[in-house]
Amino acid sequence: MAKRNDDLVIAAILCKWCSYAGADLAGTSRVKYPENVRVIKVPCSGRVSPRFAIKALYEGADGVLISGCHPGDCHYSEGNMRARRRMFTFKTLTEFMGIEEERIQMSWVSASEAAKWKSVVEDVLDTVNRVGRNIIFEDGNE
Amino acid sequence: MLRIGVFVCHCGNNIAGRVRVEDVAKAAADFPGVLYSTTSMYMCSSEGQGLITDMIKKHNLTKIVVASCSPNLHEKTFRGLAEKNGLNYYSVEIANIREQVSWVHDDIDKATEKAIDIVRMAVAKVSHGRPLKKRSVKVTKRALVIGGGIAGIQAALDLADAGFKVTMVEKEPTIGGKMAMFDKTFPTLDCSMCILTPKMVQTRDHENIELLTFSEVEELDGHVGEFNAKIRKKTRYVDEELCIGCGACEKVCPVKTESTFNQGLVKRKAIYFDFPQAVPKVPRIDNDKCIKCGACAKVCPKKCIRYNQKDEIFKRTFGVVIVATGSEIFDDSAYGEYGYGKIPDVITSLQFERMLVAGGPTDGKVLRPSDGKVPKSVVFIKCVGSRDEKKGYPYCSRVCCMYTAKHVLLLNEHHPGTDIYVFYIDIRSFGKNYEEFVKRVQDETGALYLRGRVSRIFDRDGKLHVFGTDTLTGNQVKVDADMVVLANGLVPAKSTRKIARVLNLSKDTHGWLNELHPKLAPVETATRGVFIAGTCQGPKDIPDAVASGSAAASRAMSILNHSSLELEPTIAHVNQFLCSGCENCFMACPFGAIEMVDYKDPNTKKIRRVAQVIESKCTGCGVCSSVCPVPAIDVSGFSAEDVFVEIEALGKGIRKNDAGIKTNGKKK
Ligand SMILES: Cc1cc2nc3c(=O)[nH]c(=O)nc-3n(C[C@H](O)[C@H](O)[C@H](O)COP(=O)(O)OP(=O)(O)OC[C@H]3O[C@@H](n4cnc5c(N)ncnc54)[C@H](O)[C@@H]3O)c2cc1C
Ligand code: SF4
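Here the protein sequences line up with chains A and D, keeping their order.
All residue numbers for the first sequence refer to our numbering, where the first residue is 1 and numbers rise by one.
All residue numbers for the second sequence refer to our numbering, where the first residue is 1 and numbers rise by one.
Quick caveat, the hints were computed from the structure, so don't treat them as lab data.
It is possible that some hints are incorrect.
Listed next, the in silico SDA-like pairs over lysine to any residue satisfying Cα-Cα at most 20 Å (straight line) [to be verified]: (1) D:Lys110 x D:Asn13; (2) A:Lys16 x D:Asn13; (3) A:Lys16 x D:His517.
Which residues of chain A face chain D? A partial, calculated answer using Cβ under 8 Å [stated by the list, open to error]: (4) Val48; (5) Pro71; (6) Asp73; (7) Arg85; (8) Phe88; (9) Thr89; (10) Lys91; (11) Thr92.
Incomplete in silico selection of chain D near chain A, CB under 10 Å [as the list claims (entries may be wrong)]: (12) Lys76; (13) Ser102; (14) Asp106; (15) Glu113; (16) Val201; (17) Ser495; (18) Leu505; (19) Thr509; (20) Thr527; (21) Gly653.
Even glycine gets a Cβ: it sits at the ideal position worked out from N, Cα and C.
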């Protein structure tokens with residue numbers, strides 16, 4: 001696999017019940033993972049509007065990860081399923097806008113899945129690495 | 001004007017060992033709005049809190065960022081501290097630089113850089129945040145206890161004795177749970193029913209307890225202080241009020257069918273009690289099996305058979321909910337090599353337990369299901385479904401070592417001279433007097449404890465040939481037995497999964513209900529006002545199940561004791577002027593917290609339909625705001641603006657050029 005660009009930055013939008021707690025558990029269990037993620041906590045992945053993803057890419061993040069509770073485990077009953085449907089529809093449009101689909105990803109990480117959090121971070125980085133740094137919104141790229 | 005203070009914690013060496021905290025504080029000093037920044041050894045200690053208090057006063061700080069451990073640990077501490085010092089409770093943001101930085105990254109440069117980014121984001125968020133006011137709700141002084149096993153019974157009685165009203169909902173026709181199936185209990189060997197029935201009867205008779213058996217909670221919404229439940233009381237086809245529990249009906253019923261309570265060891269009638277001490281002592285007609293012959297109605301002295309009875313729906317409001325829905329035993333069919341379900345004399349631990357009961361299906365005799373004879377030699381196999389990632393679950397079920405020791409002792413007592421073999425991985429006897437008990441069992445019974453797993457069981461010439469390895473000697477062993485008892489592990493009950501869905505509770509990877517904190521909040525859940533007790537949370541023995549029942553009751557009382565409570569203000573709000581009335585949020589809200597109302601547009605003076613939030617139902621999940629095309633609806637504390645400023649701050653970390661000019665060169 002191609003060597004990962006160390007400078008990639010991933011904006012990780014995590015629901016506070018499952019994925020944020022899962023990332024915390026990775027800490028408590030000292031599960032090491034790459035430094036490239038910056039976490040934004042929201043109540044539920046269902047709260048994540050596609051605008052958040054666009055905004056993060058516009059501000060220069062190389063990838064956006066939206067992570068919530070597993071299907072059936074949403075603290076608010078079904079927000080995560082909505083998030084999945086919405087992001088799925090959204091991703092069909094991003095390509096059209098010149099945003100590689102690799103840049104926007106979703107996952108389910110529960111509050112007890114420290115190891116999964118690590119592998120999600122690594123997978124997201126590897127996938128984003130395939131399309132490299134995000135220069136979509138940079139000057140002279142029109 | 002913004003006057004932000006940033007407090008960076010060393011957490012001893014926990015943070016400072018991987019993050020250059022002084023650099024973080026120095027960088028923070030330059031962030032917009034920051035007036036003061038510093039570090040301290042332990043921010044949560046009284047010194048740390050004293051420092052924050054002093055600096056709030058000295059610099060007239062209006063907002064605070066604490067860079068420390070996860071907000072799940074000390075957000076409340078620091079917000080409470082700010083509030084005490086005259087700031088708004090929500091004027092504090094936590095930058096999580098321990099769980100999400102120092103504990104997960106080794107590279108000090110990168111970890112420090114990340115910590116600085118996180119603090120920048122927290123500063124941006126706190127700068128943007130508006131003061132929020134907590135909402136106050138009335139507390140309904142009634143508790144809902146779901147599940148009438150020993151844990152639920154204990155919780156209900158504790159609450160009722162303390163003077164609170166309780167509704168207990170049990171899905172089976174009688175309360176008692178697993179404990180009602182046992183003969184004796186380890187390690188004291190008290191007779192299970194002798195210690196359980198008084199509590200069952202107390203639950204039924206307590207003036208503060210409403211007991212709804214053969215009932216299930218179908219819906220639950222609302223929030224702490226005011227949960228609204230819809231409970232279905234399934235029909236028994238018997239008038240519960242009139243019935244005196246004489247049992248005449250059961251005697252004359254001509255139908256015979258499998259008894260689940262007795263683990264299929266004997267038949268029961270179509271109208272039946274699970275066991276003689278059932279509470280309430282009211283039979284139930286199994287409508288699938290009943291042939292409507294009318295025999296029971298004819299003999300009933302109180303005329304209480306009701307063939308046309310319908311389910312009843314109860315609606316109740318509760319201040320708190322305790323879930324105590326227990327566990328099930330592992331389904332042995334995963335172990336094909338043990339022949340469970342195919343070889344009749346390979347039985348489960350619960351079947352064995354029922355055989356030991358004096359008034360049970362075999363009158364206390366251990367009998368082979370195949371021929372009804374007393375076995376001369378019995379093999380027990382432990383860890384069936386436990387500590388086995390391939391076929392079962394990786395965890396230890398905590399009770400099977402002990403109940404197997406109890407089974408060995410009781411078998412030896414009921415049928416002295418039986419040859420007894422126990423296959424084990426190791427013996428876990430962690431409780432008070434447990435190790436002594438196992439020792440006593442081994443000494444008194446002469447049972448042969450063999451360390452190793454059983455690989456296969458063959459049923460040949462009326463004998464069960466049990467093959468295994470003795471890992472202590474390294475020898476292959478073969479035991480010819482008349483009966484094999486599998487020590488099934490505990491697994492989450494299917495009905496627990498169901499209730500988790502109704503209440504939106506989170507489960508761990510195996511399906512056990514999640515506690516709020518594994519050590520410090522073992523009976524709380526992520527939903528305030530909902531508690532868990534007993535084995536729905538994980539395997540437990542009776543003493544632990546009882547302790548957690550009492551713990552849940554006492555935590556519940558700390559809510560019921562108040563007449564009103566403060567709730568998080570982080571709920572949705574509609575800007576009705578902007579709202580186009582598309583009803584997206586109305587349709588999307590999982591809690592039915594949006595209503596459409598008339599609104600007079602100040603410009604056109606016309607009335608139009610717009611969305612409005614029903615505050616008592618809103619949980620602040622924010623689904624509404626992500627489906628609003630305008631957007632006219634947003635969640636306080638997590639508004640789109642709040643998220644945007646955080647993302648912008650994140651961007652500043654990427655483009656080190658703070659002037660906001662996009663540069664191609666990212667991090668230097
Ligand atoms: C074979 C065996 C032997 C054991 N022997 C001992 C022993 O000797 N000593 C000891 O300390 N421990 C022993 N244990 C452990 C003991 O069984 C448990 O600790 C105890 O029963 C746990 O009680 P509980 O209330 O959590 O759950 P349960 O006893 O399982 O009770 C749960 C109750 O909730 C009800 N329920 C479930 N779902 C719903 C729903 N959705 N709505 C309404 N009601 C619902 C169930 O019908 C049940 O009545 C043994 C376990 C086994 C399997
Ligand atoms: S309690 Fe004993 S038998 Fe049960 S899973 Fe644990 S080690 Fe195995």
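Going through the hints against the structure:
no., hint, in the structure
1, D:Lys110 x D:Asn13, "holds (17 Å)"
2, A:Lys16 x D:Asn13, "violated (27 Å)"
3, A:Lys16 x D:His517, "holds (14 Å)"
4, Val48, "holds (6 Å)"
5, Pro71, "violated (11 Å)"
6, Asp73, "holds (6 Å)"
7, Arg85, "violated (11 Å)"
8, Phe88, "violated (14 Å)"
9, Thr89, "violated (12 Å)"
10, Lys91, "violated (15 Å)"
11, Thr92, "violated (17 Å)"
12, Lys76, "violated (14 Å)"
13, Ser102, "holds (8 Å)"
14, Asp106, "holds (6 Å)"
15, Glu113, "holds (8 Å)"
16, Val201, "violated (38 Å)"
17, Ser495, "violated (16 Å)"
18, Leu505, "holds (8 Å)"
19, Thr509, "holds (6 Å)"
20, Thr527, "holds (7 Å)"
21, Gly653, "holds (7 Å)"
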